[in-house]
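Undergrad: Model the full structure from these sequences, guided by the hints.
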Amino acid sequence: QEQVAMETKMKNLDDRVDQISSSNLEATAALEAIRYKYNEFVTLANDVNAMKEETNNLIKEGTCKIKEISTVLDQMQELKREMNMRDDTLDIRLRELKVQLKEYISSKRKELDGISTPPRPAFTPIKRQGATGEFQGSTPLGVHQGSGSDGTAGKPSLRAQSPPEGSTRKSESSRPPPDSPHQDVGIGVKFSATGEGLLVADLVPHSAAAHSGEIFVGDRVISIDGQDISFLPSSEAVRKIIGPPNSLVSLGINRNGQVKHVKLVRGWSPSAQ
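Just remember that the working numbering sits 1147 ahead of the position in the sequence shown, which is counted from 1.
None of these hints come from the bench; they were simulated from the model. Any given hint could turn out to be false.
[Unchecked claim] Derived DEER-like restraints, expressed as beta-carbon distance ranges: (1) Y1185 x D1221: 51 to 61 Å; (2) T1190 x C1211: 27 to 37 Å; (3) Y1185 x T1210: 30 to 40 Å.
Here the structure is a predicted model, which is why all the values come from computation and not from measurement. Beta carbons are placed, not taken as given, at the ideal position from N, Cα and C, and that holds for glycine.
TA: So this is what it looks like as structure tokens:
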């Protein structure tokens, strides 16, 4: 009986050892799991620290970029202020130049107004006379390029011609003189290129302009066919008057500050020469 009891105790001890061994294995496994989790935590902590350091670096770089952008914006604002100052200076200079130009033109006009010229009649109404229905006192005018009666070569001159049917004026004086070597395409007036526009310096003898009562010495042509010629070269302005025979040209004439527009007929038709 004692032996059986001893065997039973031994068996119980073996079972207890087995249980303890099994518990040790479980403890070891649990410890390994804890160690694995710890390693994962350490790795994650290292990653977080790396990300934190990278974030700090990005913040530093962003701060530097913001400072650079602020510097560039300040430079742009300064440049804008300088440009505005230059624009203001340019505007002031342009206004000064306009004033100077206006004063210069005004002084030149006064000089021209001070030039002694023969008395000039004002524009007068046209009167119909006789049974033929002709008009007295004016004849449409045309342009001629050539030497005038005073021997001055190369100056533009103007001669007149009889208007075609339906125009407002007729005149026998618009016919060319028998000894005239020119074929007029203008209005029979000599110009002087002084000041603005074309100044009438003389009327060609035997031309319609000389008998028309429309244009006088001292008159100033300021527009041709509605175009202002104040700042055109005189040669270009004269070319605008020249045109086909029997064609109309509209002239704006300034006389003593009064402006009137007249429609005139250009020169004579070409001869058979």
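Undergrad: With reference to the structure, classify each hint as holding or not holding.
TA: So, going through the hints one by one against the coordinates:
1. Y1185 x D1221: 51 to 61 Å: 54 Å, holds
2. T1190 x C1211: 27 to 37 Å: Once the Cβ atoms are compared, 32 Å apart, the range 27 to 37 Å for C1211 and T1190 holds.
3. Y1185 x T1210: 30 to 40 Å: Between Y1185 and T1210, where Cβ atoms are some 37 Å apart, the hint holds.
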